[in-house]
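J.: When you get a sec, could you build the whole thing from the sequences and use the hints?
Order-wise, the sequence lines are chains A and B.
Going by this note's numbering, the first sequence opens with residue 9, and the numbers climb by one from there.
Going by this note's numbering, the second sequence opens with residue 61, and the numbers climb by one from there.
The hints are simulated quantities; they were obtained by calculation from the structure and are not laboratory data.
Take the hints with a grain of salt, since some may be wrong.
Said to hold, decoys possible - Which residues of chain B face chain A? A few of them, derived with a C-beta cut under 7 Å, are:
no.	residue
1	Ala82
2	Pro84
3	Gly97
4	Thr104
5	Leu108
6	Ser203
To be verified - On the chain A side, residues computed to face chain B include the following (Cβ under 10 Å):
no.	residue
7	Pro238
8	Gly263
9	Phe276
As the structure is a computational prediction, the values presented were derived from the model and not from experiment.
A virtual CB, placed ideally from N, CA and C, is assigned to each residue, including glycine.
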Amino acid sequence: MARHTQRAQTPAIVTANAELAERLHKLWEIEPGIKGFLGTVDHKEIGIRYIVTSFVFLLLGGVEALILRVQLAQPDLHVLSPETYNQLFTMHGVSMIFLYAMPVLTGFSNYLWPLLLGARDTALPRVNALSYWLYLFSGLFIYASFLFGAAPNDGWFNYVPYANHQYNPGPNIDFYSLGMIFLGISTTVSSANFVVTAMRTRAAGMSINRIPILVWGTLTSSVANLLVVPAVSLAFFLLWLDRNYGTKFFQPQSGGQPLLWQHLFWIFAHPWVYAIVLPAMGMVSDGLPIFCRRPLVGYTLVALSTMATMAIGFGVWTHHMFATGMSDLALSFFSGVSIIIAVPSAVTVFAWIATIWTGRPVFTTAFHYFAGMIALFVIGGVSGFMTGSVPVDWQLTDTYFVVAHLHYVLIGINVFPVVGAIYMWFPKVTGRLLDERIGRINFWTMFIGFNLAMFPMHISGLLGMPRRIYTYPDDVGWTAWNLITSVGAFIFAIGVLLLFHNIAVSLKRGKPAGANPWDGGTLEWAAPSPPPPYNFVVLPSVASRHPLWEDRLDDAPGRSLIDIGLALDKGRQMLGTTVIDAEPAVILQMPFDSYAPFTLAVGTAIIFIGMLYRSWPDIGIGVIVTGIALLLWLWPGRLREGSPEAANEPPFAEPGHV
Amino acid sequence: MSDVTMSDLALGHRAQGMRAPALPVGSIGSQASGYFGVWWVIITEASLFIYLLFSYAYCTMQFPGPWPPSGPPELTLASMDTLILIASSIAVALGEHAIKQGQRARLTLGLAIGCVLGIVFVAIQLKEWASKGASLSSNLYYSLYFTTTGFHMAHVAVGVLILAALTLWSALGKFDSVRNSPVSIGALYWHFVDAVWIVLFTTYYIVPRLG
Chain A
9 MARHTQRAQT PAIVTANAEL AERLHKLWEI EPGIKGFLGT VDHKEIGIRY
59 IVTSFVFLLL GGVEALILRV QLAQPDLHVL SPETYNQLFT MHGVSMIFLY
109 AMPVLTGFSN YLWPLLLGAR DTALPRVNAL SYWLYLFSGL FIYASFLFGA
159 APNDGWFNYV PYANHQYNPG PNIDFYSLGM IFLGISTTVS SANFVVTAMR
209 TRAAGMSINR IPILVWGTLT SSVANLLVVP AVSLAFFLLW LDRNYGTKFF
259 QPQSGGQPLL WQHLFWIFAH PWVYAIVLPA MGMVSDGLPI FCRRPLVGYT
309 LVALSTMATM AIGFGVWTHH MFATGMSDLA LSFFSGVSII IAVPSAVTVF
359 AWIATIWTGR PVFTTAFHYF AGMIALFVIG GVSGFMTGSV PVDWQLTDTY
409 FVVAHLHYVL IGINVFPVVG AIYMWFPKVT GRLLDERIGR INFWTMFIGF
459 NLAMFPMHIS GLLGMPRRIY TYPDDVGWTA WNLITSVGAF IFAIGVLLLF
509 HNIAVSLKRG KPAGANPWDG GTLEWAAPSP PPPYNFVVLP SVASRHPLWE
559 DRLDDAPGRS LIDIGLALDK GRQMLGTTVI DAEPAVILQM PFDSYAPFTL
609 AVGTAIIFIG MLYRSWPDIG IGVIVTGIAL LLWLWPGRLR EGSPEAANEP
659 PFAEPGHV
Chain B
61 MSDVTMSDLA LGHRAQGMRA PALPVGSIGS QASGYFGVWW VIITEASLFI
111 YLLFSYAYCT MQFPGPWPPS GPPELTLASM DTLILIASSI AVALGEHAIK
161 QGQRARLTLG LAIGCVLGIV FVAIQLKEWA SKGASLSSNL YYSLYFTTTG
211 FHMAHVAVGV LILAALTLWS ALGKFDSVRN SPVSIGALYW HFVDAVWIVL
261 FTTYYIVPRL G
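T.: See the structure below:
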């Protein structure tokens, strides 16, 4: 204990005041100019960058989809050559699944988590900055393949032997392989940051039964990512070795195992599917209560279902491989698990329905999106349940039925909640409300366009239309369904444009929102809109799940404190709390803006470009840049306050790193 | 006053001007965010090696001929490697223990020994690779062998660089009995790299002799 007191600070508990706010503002604001642009570690700035970048990839993927739908609108069209078609459908999938769906949720969580948790930043802000730069560079890396006319062209799951060099000799698959390993690093470091943030930067008193569901969703996804991203990174690395250095992993003529690719890919990709929907489901679980004017029904069950979905989700990967000739035992087991996984999803759906049923819904645009998501989730869930059954899957695998299913799941449970979340949290981010009238048109255009586009795919699938064919003859009965799908796709696209229109208009002319436009109950609504760089003048302490609704619900043993708390203004400081009970444990010294993450990401990009060209000097330069960046990043600061050897240091001598 | 916690505050003790309990400041040992972080790095890296072993097991089971095709690998060099890594882990652990008592010279010595043993490991491993008379592209077994041990060697190389940096920082007086979380973080990673080797050694060198 003696050693503890030496290095301790006894923080004063104060009431929030303007003088303190001004001091914190100076400490926490992003530095002006290039240093702030390249070096910022602010979770709000990084979150916005993530969201904007992911929407750029969403637009690119959307344009690719529209071109595909023009090609498929009528039989025997030749708008695209087969090769171009292959590249476009592959990049459509890659853009949406990898470069949009996860990063957009990462962006929201980045922006929202510290606000939801009553903190001033995430636990590892420089790691957070690094994850964004790696994401941006890896996305550009994959898209650079278009400049060489060599975009990935074997579909997003990239099966061998198609993807082996004998059958696909161009650089297409090398771009994809290296790009995915590159992106995997970003996902990994971002996930580690989220997990550590959830473990130790929650407001005092925010024990694990008081955490917003969005946090549970992203936390679950992040843990899953840490466990499964290595599988796909390894698969792509082995493929890259096969293609460039003559290894035999996937070469059947040398005893290699093409099915090993499918196992490694789906061990990753099925949990990934849950990773890109669970945080979005969390948005719905946190959003619906606000617009239903009551707490979520079954909080504990929903939180546990989130984790149960992921736990079971680790054991369903071979349902993507039912047609590969596995043993009956394996088929039965994985089919059973794939059907059981419907249970936790159903628990969540019924919790949402009960929340609406027993609440007093306010039909805002955000509510429309969240409620619409429930409908689409049920449709996508049922078609998934169907294909979980082996005989049905044998009939439907590789047909448009599967395409319909995955679009209901990914657009239904990712895009719709995300757009709902934009309507809900845009006022928090910008201080202005989105236009509700345009919002209503926006929702119905997207909802009708989506169903018009995707529902007929079930039917063309049942009629036997295989996925990934670039055209079809006119005498097989698929013409009308494809035309409807193409028309629906364009209507859906108009809906997305309406969203951008609304954002553009409302940024300039939207009604001022105030701190809490929807009368929400969680901590982010206690901060001003937009929140100041330090989020909270004093660090709040929490007595219930809805700190701002306590007077109404009267469900807490005491009252949360928002404007009385720890000041923590000796440098960039915030509170570290214990993992389960969130009791105060430590005062965290947070980093200042730093060039190190950007430099590290640049070094990594140089390494991957070197690997693409198999240029050892290039790789060497990248390694050196990366090493220097890491060394400077991790260079220990001066011995700080409290150390016996540094008794004469100034009280808050945390230096800004490079 | 020191028994007042923040959650007591939330329960209604609204005394203005009251002081919270004294709290440790900054990165201290296992309280450092980086210490939490390195655990998750280890979990994700361990997953990577599990998938490498899964690939090995899958190929072993599916392979039509005898496995490994050229018989179980020679034990001598790999056994030396195993002992060397265990010794290096002990040296680093002793150094970490010493700095918690404020003994900086012992920390520097422990880290330096760990680092040098890591370099010796890499040298022996390279010698063993050269003695195989085979390469990545020789056959499926050697593709797996060189890739898996290569991944591990890359981790050893990173570990050696970490230990080198820590040795330097220790010599420069960057650590004391209180501020030493980088040592704990680096040591944890190094122990992990050693543990991975023991699993790989068992899988590649011992298991083929059991069948």
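J.: For each hint, tell me whether it holds in the structure or not.
T.: Evaluation of the provided hints:
1. Ala82: It holds, given that the least Cβ distance between B/Ala82 and chain A is near 4 Å, below 7 Å.
2. Pro84: Status holds, d = 5 Å.
3. Gly97: holds (5 Å)
4. Thr104: Check passed: Cβ of B/Thr104 comes within 4 Å of chain A, closer than 7 Å.
5. Leu108: holds (4 Å)
6. Ser203: Since chain A brings a Cβ to about 4 Å from B/Ser203, closer than 7 Å, the hint holds.
7. Pro238: holds (4 Å)
8. Gly263: holds (4 Å)
9. Phe276: holds (9 Å)
Hint check: no violations occur; every hint is consistent with the structure.
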